[in-house]
Amino acid sequence: MKKILIIEDDRLISSLVQFRLKKDGYETLLVQDGNEGVKAIDTWSPDLIITDVMMPFKSGIEIIHHAKKKYPDTPIIVLSSLGEEEQVVLEAFNLGVADFIPKPFNPNELAIRVKRVLR
Amino acid sequence: MIKKLLFLCLLFIGLGGFFAKAQDDLIPKDSVDFWKFLIIQKSVPGLGYSLKINKEEDLNKLDSLNGLNYTKTDSGYFSRVFEDFGLVKSQSDQFEKDSIDYAAVFLVFSNPTSLEATQEYVANLIRNGDFQLVFEERDFAEDLVALAQKFPYSPLLKFKLLFISDFKLFIVTLVIVFFFIVSIGMILFMIILKLRKTNRENQLKEFEMLIVDPLTKLLFEKELDEINEMSKTDFYAYFPKEYLSNQMFKEVIIERIISLNKKMKGEFKGKLKLIYQKLDLDKVSLGMLEYAKWHKITEALVQINEMDLMEALPKVEKLVNSDNFHIRSHAVATLLNLSQKVDLMFLKDQTYPLSDWQQMNYLRIIKFVNTIKPIQVEVLFESENPSIRIFGIKLIRILGRVDMIGNLSKMTETATEEELVEILETFDTLGAHMEIHVINNCILSENDQVVFYAAKAGATLGNAHTVDLIANRLVEKSDSFRTRKQLLRTLHVLDALRFDHITLDKVDSTIQDLRAHILDPMLSHV
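Protein chains in written order, with numbering that gives the first Met the number 0: chain A, 0 to 118; chain B, 0 to 525.
Next up, chain B with everything else stripped away, as it sits in the complex (with noise of 0.2 Å):
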């Protein structure tokens, strides 16, 4: 026990010697030092000042103001005592300027004091708790730790929100919120779209259960003329007036018609015909043809075409040279099949190139046409376009034309390469024996392609002159390997003598090869 307290006492002894040894510290030993430790206190209790001038002259110096409060005494003039150590640096500096010899003495309790005893009093007022130091502002600006603390924080971008601050934490922000728009938008149009489709799906299967009775007995029931003579109202007993007026029961009401008119055959044709004429649904396949559209223009080309509505002709002309290649494909094949006189001058304007797929299906029209109605092909030739030109060869030779060959002689002094071969074939095919010359001519020609059908139309068509133009070019061209094969076996076909002659006196392997393969009776159509 005794231990203990020693040592609460030894502790207490020693922590107040630390502490008094702590505070000492804190009193700048200096002269100077320790006027600005008082200028940073401003005032301590009981301790003041007053400043000494000691030649009478430098009094002089100082304005009236300030020289009437000085007192005179024997070791100099006094100034009054100030308790505000602030004022310390303006007077000092006040003096200097005015080169004034001044010295400060300290005052406690009004008495002179020195330093030391100055120090001394200040160090007991700090350990007594009688006076509470101020300390010296530090240079923050040297310690940005004391700065942040002493400074609250201020963002450098002044936004209302925090992220909008950081430029690339806001455009991803503004890139997500976007893409959830966007979904969000393209899920409520898909919705709607959805919804669109099942209400117009439902509605379609509602109409189509309202046509098919109706129908069914109109075309059992009536007979052509009997549908013939029903007016409106007639009709109105099948087919209610007020579905009659909606637009989409009447695209319902088309589309049926025109696919039982694809199925159906005999009197029922004529039945839905003269149906489709009497609901005045031929008005509305007319009006699409107005459309901007492009598959509502086909489409209303198929129903016209389906149902031959012949007054909708001058406007199908029209469309023949769109730029679309759907619409002019069905307007020329509507024009085929509905035209009266089939001149195919409508064809021979066209100024777009016409594909294999519309010339094949054209030809299929074509060839149908052609045993009902006359057909004038002539007219393609007057075409600038080269594909319809083209077209107008291949159609004398498909529809077995003979009577046409005159004119394709006519065609080969113009015409291009590409034609040139056409009119060959041709004439190959049509067995054009009288236009032998056209096919000799163009034994001389430098285009390996037109060398190549002359010859093979010579090999049916050819005469002596075809074997001497063509033995002559086995000597004195190198043509292309296809082309001379075709030259040997037409030669071979007109003149086996002439044939020997020429292949058996050549030394060029490959002619060699051509004359076995040629003479060889299993290769013969390789």
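For reference, chain A alone in the conformation it holds in the complex (with noise of 0.2 Å):
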């Protein structure tokens, strides 16, 4: 079973994407910010990251630093409400995440997201 770490500061947005992510049979592990995120990576050896930005304590660009560091291989995917943002899109790109989901999103076109990447 593939394990997906969902760090996201919306309880309700983390919720319903875990949700969605156990129906297709993922196992799943929901952190709510920045530093518990880091700390996650760490212990639990995810096979795909998904975070938002915008996050308590570390950014989803820090995590991202921190996670290509320690697994080059791990795929990350970006949620964030700062889509339309060019700068964050593109720097999350050049550390190489593998996909960038704007809010509003639809969590079924998440996981056909999630599916691909896990491919």
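By construction, these hints were calculated from the structure, which means they are not laboratory data.
Small disclaimer: the values here were computed from a predicted structure and weren't measured.
A portion of the hints provided could be inaccurate.
Capping the alpha-carbon separation at 30 Å, the derived lysine-lysine pairs in DSSO-like fashion look like this [what the hints assert, rightly or not]:
#1 A:Lys-114 x B:Lys-221
#2 B:Lys-277 x B:Lys-264
#3 B:Lys-231 x A:Lys-22
#4 B:Lys-295 x A:Lys-21
#5 B:Lys-54 x A:Lys-102
#6 B:Lys-268 x A:Lys-22
#7 A:Lys-22 x B:Lys-204
#8 B:Lys-262 x B:Lys-366
#9 B:Lys-366 x A:Lys-21
#10 B:Lys-216 x A:Lys-22
#11 A:Lys-114 x B:Lys-264
#12 A:Lys-57 x A:Lys-38
#13 A:Lys-21 x B:Lys-277
#14 A:Lys-22 x B:Lys-221
#15 B:Lys-204 x B:Lys-71
Could you fit the two chains together into a complex? Lean on the hints.
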């Protein structure tokens, strides 16, 4: 079973994403801030990371830096309302993220993208 | 030893002499003073006095009561013996008043005694300790210290507390007490507020936890039709009935649904809107429009806008002309978003001027709405509010409504200078060649701004008449530097020969500089 780490400070959004991914048979772990996200990457070794950009303690960009340094092959999907900010998108892609999903988003579409990334 | 005894004897004698002398000094030598002394003493043991009247006729002047007490002797008439010297004053006053010739005779143990012998007798009594002197009461008014000793202290202002009698101290104390009371009150208020806030936050977290799972299940497990067919009782399986009647729970669920609606797309948006209405949360939003607090009304408008609550539109329309900027802005935005046919009538009747922020906000919505709904901009020109009319002109320009150029042309007859500027800019942007007569008329205007924008529009839309008008104006009028530069630039674009003719003939250095500037390809856009 593939392990997906969801780092998102909005409890409702993260819960929806988790629910949807669990439906597809993934094992998920939900954390709500940057620090917990870094800890979870180190201890849980996920197969995929889904992260927000704007979060307490550590930003999504810092998390991507950390994840890419520690597990360069782990794919990352960025889920952010900063989708219209070109700079953030470019920086995320430069760091090697697999996908960028801007909010508002459709959880079903996210599930398809997750499947594609993990294939 | 003998020396010591001798010294003590001498000391005793010396001190005795000193005390004797001191006691003698207490007895006045003068007869008048001695009488005064005796009056103060009132009585002295063994000492008395008798009043002697020399003439019988004087005796007759006395009343019978006093006259009968006098005894006739060879030397005159003698009264009985008085031992109270306090009577002397009244007796002497009476005799002097009646003009009676009298004399007072001292009696020591009833024997007539001379003044000196009497003085010696009194001195002996004092010396032997047989008589205690009484001293005259002093005039205390002349000696404040003595007065202070005589009378006990009593404060001028008789307050119960000493500090109240000091006005300044009292005021300072009052201020300090007031400060302490206010400080304590504020601290208590802050503690209560903090506690309430903490309680509220805890409850909000608790409610949020209760909302997350049921809402997630509803969104993923139920289709839109299924949610639509759900009854109230079915919803109670997800959200307990007791919670749905709780005002704070309703606030939390509204906030979460609105937030989720902003972040989700696709069928989830529809589901969220349906859940919102099925839980009667739309009634809460409608009710909030009646609140007195502006931020609550604004919140309700956002909810109505996000949840597409069409039934709220009549109420929202009433808020378009609210005196509160935020309510007005959100009401217009909501109407623009939700109205089936956007005729902008509600905007036309607005009496408040539109701010730049409002114009930008409305424009953003109108640009989006314009692609799906017909927008009737022309009603804005009928508005009595100049900022609304100007916004209408800007809308035509930004939306590229070439079909409305005719309406603008009609407006020019009555337009203000500010409106004319916007119209000229719109003509320029939309390439309104048929309106060149308006542009040419504006080149003749007395308003510098109007002339500038007319010249600017003339650069793309101008004709031979425009060239003549500009050439004449450059010769006859002295416009601002900015306008002259634009006039020359337009002239250069329309007729380069005429431009040369005008600028080369001029000796004006500014014209020469402007010519050099316009002809320099490096500065053509500066």
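For each hint, the structure was consulted:
A C-alpha spacing of about 23 Å is found between Lys-114 of chain A and Lys-221 of chain B, which places the hinted pair at or below 30 Å, so the restraint holds. Of the pairs offered as hints, the one joining Lys-277 of chain B and Lys-264 of chain B holds, with about 20 Å between alpha carbons and a cut-off of 30 Å not exceeded. Restraint check for Lys-231 of chain B and Lys-22 of chain A: satisfied, since their Cα atoms lie roughly 27 Å apart, inside the 30 Å limit. A hinted pair counts as satisfied when its Cα atoms are at most 30 Å apart, and Lys-295 of chain B with Lys-21 of chain A does not qualify at roughly 38 Å.
Between the alpha carbons of Lys-54 of chain B and Lys-102 of chain A the distance comes to roughly 142 Å, so the proposed pair goes past 30 Å and is violated. For the suggested pair Lys-268 of chain B and Lys-22 of chain A, the alpha carbons sit about 20 Å apart, so the restraint of at most 30 Å is met. Between Lys-22 of chain A and Lys-204 of chain B, the direct Cα distance comes to roughly 26 Å. Compliance with the 30 Å bound is thereby established for this hinted pair. Under the criterion of a C-alpha separation no larger than 30 Å, the hint pairing Lys-262 of chain B with Lys-366 of chain B is consistent with the structure, at around 22 Å.
Between Lys-366 of chain B and Lys-21 of chain A, the direct Cα distance comes to roughly 41 Å. Violation of the 30 Å bound is thereby established for this hinted pair. At most 30 Å may separate the alpha-carbon atoms for a hinted pair to count; Lys-216 of chain B and Lys-22 of chain A meet this at roughly 11 Å. Restraint check: the Cα-Cα separation between Lys-114 of chain A and Lys-264 of chain B comes to about 20 Å, which is no more than 30 Å; the hinted pair holds. Taking the CA atoms of Lys-57 of chain A and Lys-38 of chain A, the gap is near 12 Å; set against the 30 Å cutoff, the hint holds.
A C-alpha spacing of about 28 Å is found between Lys-21 of chain A and Lys-277 of chain B, which places the hinted pair at or below 30 Å, so the restraint holds. Only pairs whose Cα atoms come within 30 Å are accepted, and Lys-22 of chain A paired with Lys-221 of chain B is accepted, the gap being roughly 14 Å. Between Lys-204 of chain B and Lys-71 of chain B the CA atoms are separated by roughly 127 Å; this puts the pair beyond 30 Å, and the hint is violated.
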